[in-house]
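If you're matching them up, the sequences are chains A and B in order. Under my numbering, the first sequence has 1226 at position 8, and the numbering climbs by one with no breaks. Under my numbering, the second sequence has 1285 at position 67, and the numbering climbs by one with no breaks.
The reader is advised that the hints may include incorrect statements.
To be verified - Straight-line Cα separation of at most 16 Å, EDC-like style, residue types lysine to aspartate or glutamate; simulated pairs:
#1 A:K1307 to A:E1435
#2 B:K1338 to A:E1394
#3 A:K1338 to B:E1435
#4 A:K1307 to A:E1394
#5 A:K1270 to A:E1245
#6 B:K1307 to B:E1435
Don't read these hints as lab results, they were simulated from the structure. The structure presented is a predicted model; accordingly, all values stated were derived computationally and were not measured.
Number of protein chains: 2
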Amino acid sequence: MKEGKKNSTREMIFVRALELFNKKGIEYIGIRELADDLDLHVGNVTYYFPRKENLVEEISLRLRKANEHTFNAFGKANLTLFDFLESHKRVFQNQYQYRCLPLSFVQLLRNYPNFYRRYKLTEQERWNSLRSAILSFRQSGQLATSVTDEEIGDLVSLCSFISRLWLSEASVSFREKKIEWIIAHYLALLARVVEPHTSSKGKKEVVRFLATLRQDEERQKKSGAK
Amino acid sequence: MKEGKKNSTREMIFVRALELFNKKGIEYIGIRELADDLDLHVGNVTYYFPRKENLVEEISLRLRKANEHTFNAFGKANLTLFDFLESHKRVFQNQYQYRCLPLSFVQLLRNYPNFYRRYKLTEQERWNSLRSAILSFRQSGQLATSVTDEEIGDLVSLCSFISRLWLSEASVSFREKKIEWIIAHYLALLARVVEPHTSSKGKKEVVRFLATLRQDEERQKKSGAK
DNA sequence: TTTATTTTTGGACAATGTCCAAAGATACTA
DNA sequence: TAGTATCTTTGGACATTGTCCAAAAATAAA
């Protein structure tokens, strides 16, 4: 069980698989296509990843890991709405990096019972941390005190709904747009969902966040025009 | 080009294909499995539907047709928010009837350029009629007059986002729930998205709609308990 | 009855994910 | 250093997939 130089082959396979999956979709890249691309034999790929599922599982693990810190941050005291939205930006960027996964997640969870089981566990966790984050906004006076528990539940539903599926819509509706624009679009949508329930204090946070989105866009344009 | 009795074979194939696709997913039902199920030969299926794509296309056409009237109703004058939400209920029910389609729509649009082209056309139409409907709500005083055009744009985005993807989320998050409950859940979410922007007049419409959802649920429970 | 058209039959084809036995390469041990 | 154990590569087999097609059979039209 050494992890010396020979992990390089395995890692090489993983990296290229992720690239190809992201570009064309998990279902549309065959093991042979992957092997050919790497000048390897099919059996050599299946030596490290006996089943395609294992390759996808590894991708899934890395995405999960990338998002771990972010979601943990939701538990911390004095979280501002600004930070909350900023965190989602990082989550969205991570999802994009492993986009083949969220883009096929319906199919994957349907096809691989293991995935489904594992997903259901973290789904619960995510839900709880999202909920406690939003609850804390009401506590800290960033949401109006008049906001009911039921409305908070709806906010949680909407946030996780958008987080899970923005890439799916974007892949058909905004194919030609740049990823920075797309992420900004859905972050703005997220912000707009929360905004009606904010206090004036919370609203400032949201507005501040929306302002940074616009700034990013400006920067984008300038460096693009150069 | 007669359409006499022999359409029965074709129709039989279509009906069963839809059933199986809905149950297991388009990608996971093979032509042979379908043919075996119908006691037909593979070549006999491909005689009527040379490519799987044709089968999916037919499903797509029928869903489109089922939703046609509904979306046209968005254009009519004096549309109430209640009617608007009720219309979405019908749309959601139609989508469920052809659920294999929205559940694979990312993959389908990615894989079949024809689908993508056609989808982009109706996407534009839908967007426009949705937008004009919501604009009319502001005009008729059901939305607050203070609602900006930008906010209306966000509402349109959110509505179509939910309409397109609720089934995807439901298929992983609410597998064990009944479809009536699921549809009610997402309709309520839709209503809750609009609610913060309504006038008192419009709010009454939304509340009335939410009340009918609850009534449906009661009815559901009673007949279930019998 | 003959002719033309539609439908069914049965199987071929390449591509897919998965699997495996044997050969080769590498690392460890006596 | 020689021998042994482990890891890696090779090359191909297998069943299944979507697609395609020629010939037979059934049906309709003349």
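Hint-by-hint comparison with the structure:
1. At most 16 Å may separate the alpha-carbon atoms for a hinted pair to count; K1307 of chain A and E1435 of chain A meet this at roughly 14 Å.
2. Taking the CA atoms of K1338 of chain B and E1394 of chain A, the gap is near 13 Å; set against the 16 Å cutoff, the hint holds.
3. Restraint check for K1338 of chain A and E1435 of chain B: not satisfied, since their Cα atoms lie roughly 26 Å apart, outside the 16 Å limit.
4. A hinted pair counts as satisfied when its Cα atoms are at most 16 Å apart, and K1307 of chain A with E1394 of chain A does not qualify at roughly 20 Å.
5. The suggested pairing of K1270 of chain A with E1245 of chain A holds, with an alpha-carbon distance near 10 Å, which does not exceed 16 Å.
6. Of the pairs offered as hints, the one joining K1307 of chain B and E1435 of chain B holds, with about 14 Å between alpha carbons and a cut-off of 16 Å not exceeded.
Checked against the numbered hints listed earlier, the structure breaks hints 3, 4; every other hint is satisfied.
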